[in-house]
Amino acid sequence: MDLQKDPARLLQRAAGAVPTDKERGPDGQFGPEWGLVEERDEENFYFRLTQDPRTGLPGCDPKQWLLEFIDARTAAGKPFIVPDFRVAELRNAVEKLDGDLCISRPASRLKWGIPFPETFGAGFVTYVWFDALVNYITFVPGHDPDFGEREQRPGGQEKTPGTLSFADWWPPLHVIGKDILIPAHGVYWPVMLKALGFADDEMPTLLVHGWWNISGAKMSKSLGNVIDPDALADKYGAEAVRYYLMSDIVTGRDSDFSEERLVILFNTELANNAGNLLNRILSMAQKYRSGTIQVGFADAEFGSREQVVGEVSGAQLQLGGKGGGFVSLKTIRDSVGALSGNYSDAMDAHCPSAGLFHVSDILDSGNLLVEVAAPWKLAKDPTNADGLDAVLYHLAESLRIIAILLSPVLPRAAHGIFDQLLWKMDEQGEESRFRLADATWGGLPDGHTLGQPTPLFPRIETPAA
4 MDLQKDPARL LQRAAGAVPT DKERGPDGQF GPEWGLVEER DEENFYFRLT
54 QDPRTGLPGC DPKQWLLEFI DARTAAGKPF IVPDFRVAEL RNAVEKLDGD
104 LCISRPASRL KWGIPFPETF GAGFVTYVWF DALVNYITFV PGHDPDFGER
154 EQRPGGQEKT PGTLSFADWW PPLHVIGKDI LIPAHGVYWP VMLKALGFAD
204 DEMPTLLVHG WWNISGAKMS KSLGNVIDPD ALADKYGAEA VRYYLMSDIV
254 TGRDSDFSEE RLVILFNTEL ANNAGNLLNR ILSMAQKYRS GTIQVGFADA
304 EFGSREQVVG EVSGAQLQLG GKGGGFVSLK TIRDSVGALS GNYSDAMDAH
354 CPSAGLFHVS DILDSGNLLV EVAAPWKLAK DPTNADGLDA VLYHLAESLR
404 IIAILLSPVL PRAAHGIFDQ LLWKMDEQGE ESRFRLADAT WGGLPDGHTL
454 GQPTPLFPRI ETPAA
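Be aware that the sequence shown starts at 4, since it is given in my numbering, and climbs by one per residue.
I should point out that these hints are in silico values taken from the structure, not numbers from a laboratory. Yeah, the Cβ is synthetic: ideal placement off N, Cα and C, and Gly gets one too. Treat the hints with care, as some may be off.
What the hints assert, rightly or not - Using C-beta positions, here's what the derived DEER-type ranges look like:
1. Pro466 with Gln32: 50 to 56 Å
2. Gly180 with Pro29: 29 to 35 Å
3. Ala202 with Glu92: 21 to 27 Å
4. Glu430 with Val253: 29 to 35 Å
5. Asp134 with Trp444: 51 to 57 Å
6. Asp134 with Met249: 30 to 36 Å
7. Phe33 with Ile117: 24 to 30 Å
8. Asn282 with Leu226: 41 to 47 Å
With the hints as extra help, turn the sequences into a complete structure.
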């Protein structure tokens with residue numbers, strides 16, 4: 004094996020790693036990637052991961068604590084690892100622990116490493132996966148470098164007025180790749196924190212993402228198949244790239260990158276669905292009500308109940324044929340409220356793709372309302388004035404809520420929707436413009452004036468094949 008073509012082995016050797024018996028091949032020998040292997044004895048420091056057989060003292064078994072901690076968090080519905088399908092994988096790895104972690108290397112063998120504290124012994128450097136994990140704590144404002152008794156620990160420090168304490172940052176959501184879950188972050192890290200005195204409820208949650216694949220192969224620098232996100236953003240716009248990454252990638256799973264899929268999602272879900280609905284609503288409001296919307300008859304119903312054969316986002320409709328079916332404005336309000344709640348649950352569970360799916364459902368209910376209520380027909384009959392007002396209001400209010408829900412993923416587009424709704428113009432450009440607490444029905448006041456429509460999501464045109 005060519006060491007230069009095996010970056011994993013190259014990194015291992017650069018970090019001072021040495022082969023163990025499990026690296027031996029079927030012939031009992033070490034592969035050429037390890038170079039010349041010599042058996043040597045050397046002194047090093049170890050971090051305990053298993054019970055010390057020499058003492059047998061109760062409470063001195065990090066492995067058993069970690070197993071019980073993983074089980075307790077899982078039983079409580081708050082897994083240590085997200086997504087939870089990786090919990091069994093980690094637990095199996097912990098079960099197989101049979102030794103401690105060597106956390107130093109002789110400086111004579113690895114001169115570039117960070118010096119080990121001389122209070123332990125001079126002439127050593129720290130093993131990379133021990134020092135790297137400690138850095139997750141030492142960068143946090145207000146940390147206590149001495150890590151003394153509980154009262155002196157970071158979380159116990161008093162907060163200086165106007166500053167952020169360690170407790171304001173901790174515990175974090177720790178985002179890592181699946182290839183470094185075991186053993187570094189899933190085993191070493193929590194045991195280190197426990198040894199420092201962190202309580203079980205102060206342990207971070209590990210959000211483990213998968214790998215990017217392209218044409219079925221893992222995307223990596225060594226293979227030369229990496230996609231440059233800056234080039235994608237220059238070609239399609241940052242919003243298109245952000246939407247693709249957040250909506251089409253399931254948290255924790257491997258994903259196959261597709262530029263064609265990026266274009267399809269943007270054109271169908273943003274240009275055709277969101278952008279078209281925004282343009283239709285504002286155009287009808289300007290044409291029929293000079294841009295001013297009224298609450299109108301909020302309990303209006305449209306269509307025929309006899310034609311109902313299905314639902315979209317809780318709103319009933321007839322499948323097939325524009326203008327058919329039945330829609331109740333109360334059902335629209337209820338479905339938007341329910342979907343906003345589902346969105347929050349998905350985001351709390353670190354599943355933005357699921358959250359955006361619920362936003363698409365709200366858009367579908369808006370488009371359904373347009374098709375069934377047919378505002379252009381209502382506008383022809385003065386007796387339907389209250390019904391027309393109610394339809395336009397419900398559509399505009401749905402868009403206001405959609406903008407709030409889209410803002411974490413598409414901040415520029417969300418500002419564009421608010422700008423065209425002429426909503427919160429005094430906060431234009433400010434992130435405080437979007438608050439999840441405002442994603443409840445009734446934010447737009449009776450008599451609010453909307454702006455002029457401007458294309459927000461121009462279709463991405465690709466050369467014909």
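We went through each hint and held it up to the structure:
1. For the pair Pro466 and Gln32, the supplied restraint of 50 to 56 Å holds, since their beta-carbon distance comes to about 55 Å.
2. Taken as a hint, the range 29 to 35 Å holds for the pair Gly180 and Pro29, whose Cβ atoms sit roughly 30 Å apart.
3. Evaluation of the 21 to 27 Å hint for Ala202 and Glu92 yields a pass: the beta carbon distance comes to about 25 Å.
4. In this structure the hint that Glu430 and Val253 lie 29 to 35 Å apart at CB holds, the actual value being about 34 Å.
5. Here the CB-CB span from Asp134 to Trp444 is close to 52 Å, well matched to the stated 51 to 57 Å.
6. For Asp134 paired with Met249, a C-beta distance near 33 Å keeps the hint of 30 to 36 Å intact.
7. With their beta carbons about 28 Å apart, Phe33 and Ile117 fall inside the hinted range of 24 to 30 Å.
8. Roughly 43 Å separates the CB atoms of Asn282 and Leu226, a value that falls within the hinted 41 to 47 Å.
Going down the numbered hints, you'll see the structure goes against none, and every one checks out.
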